[in-house]
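Participant: Spelled out from the first residue to the last, the chains are:
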Amino acid sequence: MIQRLVSSEFFVLALCVLLLAGLGPFTPGLLSAENLTNVLAAMLPLLLVAAGQTVVLIGGGIDLSATAIIAFTSVTGAKIMTLSGGWMPGHPAAVPVAAGVMLLAGFLIGLANGIAIAWLRMSAFIVTMTSLMAVSGLTVWATESKNIADLPAGFLALGQRPPSALAIAGGSLILIHVLLTKSIFGRWLHAIGHNARTARVSGVPVPAVTALSYAVSGLSAGAAAILLTGRLETGSPVLGQTMMLDIIGAAVIGGSSLFGGRGNVLWTVSGVLFLTLLDNALNLRGLSHFVIMMIKGAVILLAAGLDTLRRSGQTE
Amino acid sequence: MKSSRRSILLPLCAAPLLFLAGCGPSAPKKPVIGVSFETLQTEFWVAGYDAIKKECAAQGYDVAEAVADGDAGKQLEQIKSFITRKVDGIIMVPKDAKTCVPMIKAANTAGIPIVLFNRGADGGPDIRTTAVVADNIGLTKLTVEHMIAEARKTGRKHTAAILLGDLGDLNGMARRDGAEAALSAAPDVVEVVARIPTEWNQEKAQAGVVNALQAHPEIDFIFTSSDFLFPSITSALKSAGKYHKAGEPGHVILGGFDGDATAWRMLQDGYLDATGVQDVYFEAKQSVQAIADQRAGKTPAPSILDPGFVIHRGNMAEKSSQMWGTQGAK
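Sequence lines, in order, name chains A and B.
Just so we're aligned, residue 4 is where the first sequence starts under my numbering, counting upward by one.
Just so we're aligned, residue 279 is where the second sequence starts under my numbering, counting upward by one.
Just so you know, these hints were derived from the structure itself, not from any lab.
Treat the hints with caution; some may be incorrect.
Counterexamples of contact, computed for chain A against chain B with all Cβ distances above 12 Å [said to hold, decoys possible]:
no. : residue
1   : Leu39
2   : Val42
3   : Leu123
4   : Gly174
5   : Phe188
6   : Asn198
7   : Pro208
Simulated crosslink set (DSS-like; lysine-lysine; CA at most 27 Å straight-line) [claimed, not checked]:
no. : chain 1 : residue 1 : chain 2 : residue 2
8   : B       : Lys308    : B       : Lys331
9   : A       : Lys299    : B       : Lys364
10  : A       : Lys149    : B       : Lys383
11  : B       : Lys482    : A       : Lys82
12  : B       : Lys482    : A       : Lys149
13  : A       : Lys82     : B       : Lys383
Beta-carbon label-pair distances, calculated as ranges [claimed, not checked]:
no. : chain 1 : residue 1 : chain 2 : residue 2 : range
14  : A       : Ala301    : B       : Gln600    : 38 to 44 Å
15  : B       : Asn479    : A       : Gly88     : 25 to 31 Å
16  : A       : Trp144    : B       : Gln600    : 51 to 57 Å
17  : B       : Gly592    : A       : Ser126    : 56 to 62 Å
18  : A       : Ser167    : B       : Lys576    : 37 to 43 Å
Positions of the beta carbon are idealized from the N, C-alpha and C atoms, including for glycine.
Isolated chain B, as found in the complex:
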């Protein structure tokens, strides 16, 4: 019995290896862009990845895919694998601004164009790359200013909580700075009593909001640095009996950043006041174009800014077609 079970195991081990020899794409004739994402675990990154694949196809590129699952070491190996494969360009969403620097240097040394999608690098003048990023500070400031305008209409002072992203991520820092800039200009309308670090983690976000609501039950103004944290916020608000539509008594003014499907549904249902929408399609197009430009011998700018836009109940009919989250909500 033992022998027969083991006899089954060897072919089980060997067969997948032989099968894999026939798997994967056949020898590509089109130029290949290696696309390395830090994660595909939120709607925004999935939408970004799909947009890049579509744009690559439109501009005549094949795509080689890699996802690092939040591990900078693994992402370094994946970038080196791309270099070994001699891909024609690399588009990367780095884990953070610092650990991507040796990856960019490796691509620079190999002479392969490398573009950062939606997150910049903090590597000084020694690295050559183009970062296609949203105007995180400006767009967040506009979004929070809209929320402040809504608060001002009530005629009373509001108490706020801000959900911070990963502060090792330039986007997280920029969104914090944008929110703080808007809020510091309106001390008569909003007072911030809780700054909740989330490290882009939903569990930490929910625990942080629950704690903040217990410590400050008067909180009636919440901004999150990313829309993907809204399920955590709404769960905490519902538990505290504070989840109400705009115009209803006890409504908590809510704002976010990204423009995902959850934000779109909340906006339609009247719970969300505003969110800053990153134009994923613009960023994907610019990223692939930056690779094409470098291959053609041109030098794109080190940074290409996606201005994005603020969507709110006043302009949602007009702007919804440009919001990537409406595709996910369908």
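Okay, chain A solo, but in the shape it has when bound:
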């Protein structure tokens, strides 16, 4: 039974319930509506970018450039619409244009990563790490490290008003979920993650599917940047810089495999929920920052251990 529970896709969700039930009565504010709303709002950007990472992980890859894409698209969108020296200050179309450019820029950077990995056969780790460095450098150089504020209220509402933030995140997640579970792309991606060579022999267009998976990851990072920039009311050249461990950690805790071929957006939702709730509960318990870091690190390590056990179970 324990074996089945641990292997179950609801295991992480059960841990979330255990976390709330175990700590709720002893942690003032944890179960309050206000706090749970905060948790939900906090998890949406992470959810979006972790869902994109899940797509890449299923195909057996990894995208380390997501945080750089968040920062780049954040300042690009902010520069278009800022009321202080922007390219379209006060223009009625500034917000949709800026949001569209943020998504397009994320998609194109992701696609460039994907093309280098799929057609040039370069290592995903090296390509996305290099992309992280180059895009971060470009962002800081172009902005001279300066934040861009004075953004239109209509844009801030996208990240700050729960209904609009939920609509952006929820709509994107449904699209990615449908893409992974109901389309031929999803079946091909799983096949590539299980064994790329076999998939190629079976007629799967491996390079195109791989490249598209990175483009989806970039697009998700652009969408996450819309929410984060709106919440912080500022386009920042270092936005999301420290999120990478949470992004990969949430996907792996949810059950996506670092070895490819296994993953699901709904599992990633559980992983993000667990990581965000854990962070929130530990903060509300008043634990030291360093203790929180150690606990989160241990939980992610445990999830990676489970992933290895699952994989060894499949191969034995």
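Got chain A sorted already, so can you dock chain B onto it with the hints?
Facilitator: Just chain B, lined up with the frame of chain A:
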């Protein structure tokens, strides 16, 4: 075997959660101040954090701690967690002057006093907060003026490099402006040939100084916007064979800002000419007092200035007891 390994994993997952229920402080009876630092990765912030904790204890407050690791989004969640916990006040070191604005607004809306420690906000008149900050421009200007006076004594013109901080941080900008103001008044003594952006990052600082020394081997005057970058500077100077004590041939005139333990050791050893010392204890005391004043219905000033002081070889015996870095050096 597989089954037994997995059987071990479930209790391993569940036990920490149950254990945590018993962790953390018991229900506090004293009022609580939430303290959110952008980072604790430099000596200055650790000293500031310790000073605030001591001052809170002295004024009868408990402390709730949060560190954002340089992530403004995470800091926003931490501030909202403080608000959910209904803390009695918030002291924050913001990531930068802009991204803290929605955090201040959230605290304002909740009616919780919020004070910014050592970094100001750039949010206009819509936000209510008190910023306790060093006189970054004035103190930097005094520090660089002392360095210029040392340069003038040599009777020759010097070539300078300035290490800039994160220019999204008001402190970084103010220190740049203070240094530039002093240097522009002495073009006959010092010429600036390199302005090195560091974004408060030691690796970038070291690479920047190495590049500057290669491009301009004649550099003999370096000011850094923060003392925590001195290890990067000394490493680059040593590699270039230019790290010498004051009075020795080839000495590079060095100055900084903060007053940390490294600066104190360099000053004692004769390598450092001057540094602007922020009075961490003054800033901590004023921050906690500003919370207490707001809770008592008073309205503190939007900005409380720490004048700080310049320490150099001429006054180090007299001023060392006020320099927070001497505590870390012990």
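Participant: Confirm or reject each hint.
Facilitator: Status of each hint after checking the structure:
A cut-off of 12 Å between C-beta atoms contradicts the statement that A:Leu39 is not in contact with chain B; the least separation is 10 Å. Not every CB of chain B lies more than 12 Å from the CB of A:Val42, the least distance being 8 Å, so the non-interface label is violated. Against chain B, the non-interface label of A:Leu123 holds: every CB pair exceeds 12 Å, the least being about 29 Å. A cut-off of 12 Å between C-beta atoms confirms that A:Gly174 is not in contact with chain B; the least separation is 21 Å.
Here A:Phe188 stays apart from chain B, with its beta-carbon at least about 31 Å from theirs, past the 12 Å limit. Non-interface call for A:Asn198 relative to chain B: holds, since the shortest CB-CB distance, roughly 23 Å, exceeds 12 Å. Its beta-carbon lying about 36 Å from the closest one in chain B, A:Pro208 satisfies the requirement of being farther than 12 Å from that chain. Simply put, B:Lys308 and B:Lys331 have alpha-carbon atoms about 14 Å apart, close enough for the 27 Å limit, and the pair holds.
Between the alpha carbons of A:Lys299 and B:Lys364 the distance comes to roughly 25 Å, so the proposed pair stays at or under 27 Å and holds. For the suggested pair A:Lys149 and B:Lys383, the alpha carbons sit about 22 Å apart, so the restraint of at most 27 Å is met. Restraint check for B:Lys482 and A:Lys82: satisfied, since their Cα atoms lie roughly 26 Å apart, inside the 27 Å limit. Of the pairs offered as hints, the one joining B:Lys482 and A:Lys149 holds, with about 17 Å between alpha carbons and a cut-off of 27 Å not exceeded.
For a cut-off of 27 Å, the pair hint linking A:Lys82 to B:Lys383 stands: about 23 Å separates their Cα positions. In this structure the supplied range 38 to 44 Å holds for A:Ala301 paired with B:Gln600, their Cβ-Cβ distance being about 42 Å. Hint check: B:Asn479 to A:Gly88, Cβ distance near 27 Å, so the stated range 25 to 31 Å holds. Against the hinted window of 51 to 57 Å, the Cβ-Cβ separation of A:Trp144 and B:Gln600 comes to about 40 Å, which falls outside the hint.
The given range of 56 to 62 Å is respected by B:Gly592 and A:Ser126, whose C-beta atoms sit roughly 57 Å from each other. A hinted range of 37 to 43 Å holds for the C-beta pair A:Ser167 and B:Lys576, which are about 39 Å apart.
The structure does not agree with the numbered hints 1, 2 and 16 stated previously, though it agrees with the rest.
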